[in-house]
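2 protein chains.
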Amino acid sequence: MADPTDDRVTCAVLIIGDEILSGRTQDTNLRDIARYLGVLGVDLAEARTVPDVMAEIVAALNALRARYDYVITTGGIGPTHDDITADAVAQAFGVELYEHPDILAMMSARWGGELNAARRRMARVPVGGELVKNPVQGPPGFTIGNVFTLAGVPQIMRGMLEDVGPRMRGGRPTVSRTVRVEGSGEGVIAEPLEAVARAHPDMSLGSYPFFGPEGYGSNLVLRGRDPAQLGEVVAELMAALKATGIANVREVESA
Amino acid sequence: MADPTDDRVTCAVLIIGDEILSGRTQDTNLRDIARYLGVLGVDLAEARTVPDVMAEIVAALNALRARYDYVITTGGIGPTHDDITADAVAQAFGVELYEHPDILAMMSARWGGELNAARRRMARVPVGGELVKNPVQGPPGFTIGNVFTLAGVPQIMRGMLEDVGPRMRGGRPTVSRTVRVEGSGEGVIAEPLEAVARAHPDMSLGSYPFFGPEGYGSNLVLRGRDPAQLGEVVAELMAALKATGIANVREVESA
Chain A
1 MADPTDDRVT CAVLIIGDEI LSGRTQDTNL RDIARYLGVL GVDLAEARTV
51 PDVMAEIVAA LNALRARYDY VITTGGIGPT HDDITADAVA QAFGVELYEH
101 PDILAMMSAR WGGELNAARR RMARVPVGGE LVKNPVQGPP GFTIGNVFTL
151 AGVPQIMRGM LEDVGPRMRG GRPTVSRTVR VEGSGEGVIA EPLEAVARAH
201 PDMSLGSYPF FGPEGYGSNL VLRGRDPAQL GEVVAELMAA LKATGIANVR
251 EVESA
Chain B
1 MADPTDDRVT CAVLIIGDEI LSGRTQDTNL RDIARYLGVL GVDLAEARTV
51 PDVMAEIVAA LNALRARYDY VITTGGIGPT HDDITADAVA QAFGVELYEH
101 PDILAMMSAR WGGELNAARR RMARVPVGGE LVKNPVQGPP GFTIGNVFTL
151 AGVPQIMRGM LEDVGPRMRG GRPTVSRTVR VEGSGEGVIA EPLEAVARAH
201 PDMSLGSYPF FGPEGYGSNL VLRGRDPAQL GEVVAELMAA LKATGIANVR
251 EVESA
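Chains as they are written, first to last, in the numbering used here: chain A, 1 to 255; chain B, 1 to 255.
Calculated from the structure, these hints are not laboratory results. These numbers come from a predicted model, not from an experiment. It is possible that part of the hints are untrue.
Between beta-carbon pairs, the in silico distance windows are [what the hints assert, rightly or not]:
| no. | chain 1 | residue 1 | chain 2 | residue 2 | range |
| --- | --- | --- | --- | --- | --- |
| 1 | A | Glu191 | B | Glu251 | 30 to 40 Å |
| 2 | A | Ala228 | B | Glu251 | 47 to 57 Å |
| 3 | A | Glu191 | B | Phe210 | 29 to 39 Å |
| 4 | B | Gln137 | A | Gly94 | 46 to 56 Å |
| 5 | A | Trp111 | B | Pro213 | 40 to 50 Å |
Idealized CB from N, CA, C, for every residue including glycine.
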């Protein structure tokens, strides 16, 4: 709950995907979003999970966006035929979809002649929407009105969230710092990261892995309200990583 | 609310608890229920998560029980002041709560003179309700109308589920098979997958990508009611993928 002196700022989450309702996939995005919003001071007020069915997504989205300050959707923005979230958001807002030139440019640079119709689906954004940065891999998400449409893959969703908080009203301001680990995967980072996260439940710690020809590793983003405390936790995390034998750790500019 | 000409049986899940919406607790009950229902052939059609607030629980429960064949609630049936699920279910059905004699007898045997007011809260059942056995520990759940009210603690919830299935009008079980593609992303998989999906509208085909330092690809899950037809479609999909030049395709154990 926000301070009584503050306006309460509310958010709902709409999880889109047959794979959650079939039990095949364990959702973890709700918990990650809840923690991220908690640090911002935004109340997660309700969550719904709906199947990949146009009418269901549209109805749930319209109910939630009318009732809460913000809605975050996860899932259904990939290139396959069952990825209909962009279509549903556009329908809910009564607008068309168009191929966003920035995404097309990004995709052309990445895929060149292999930019086929399926991939181009991921360039579609509702008219009037803006992009949500994707620091992990693949095309960005988007936002229109009070709705943020993010990926369903947890690592990508978490990365996109970092570009959502700064656009939300009234959440108490947070500061973030980024620790970059090179040459170690999340498998070895997870344990020290989780230990530090558990010791500081009032802070948000996210891990955004990268890999490619130039190397692999992860950017660890720490977010909190108190800059002094944040500095201490950055130092604690770096010490914990090094104590685990992870040598290549340094602080970088936050995204 | 299934079409009477259809043998589709639907269920919704209502997750009740501030601890889920705050991100403190990772829900796992939805997935467990989904898998349990899948084996029964009951479709999990929607899930909602609401806070421990009477009006929110009542509104969500009334919306869901009007629309689906069954509703399963989890959480909020403990002894503390914030456990208001029984009150909310009674209010939704417009009935009173009473202390069920079987539960009181069980609790007296267990607690004797220590059966205090807080514990007696857990003996309350809506008038017209029946008990749902708890084979694990603590008091039973209950059912009224098309609603089953279960514990939130995962081990107890799962135990109670065993007494829910036999009371549901069973649909036919679905079977699933999984085709794993390695070294190809969804961008190239999408086209053959969509062609096969369109040719078989009575089956569910989903693509669940994975990626990491050790590789990337996608698990393609096919789900249907007719095992023979499912086998034919698996073969058709594998042939279509290979015809597109996707070499690393094999069937794996379904989850």
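*asked:* I'd like to know which numbered hints this structure contradicts. Please list them from smallest to largest.
replied: Hints 3 and 5 are the ones this structure does not satisfy, whereas the remaining hints hold.
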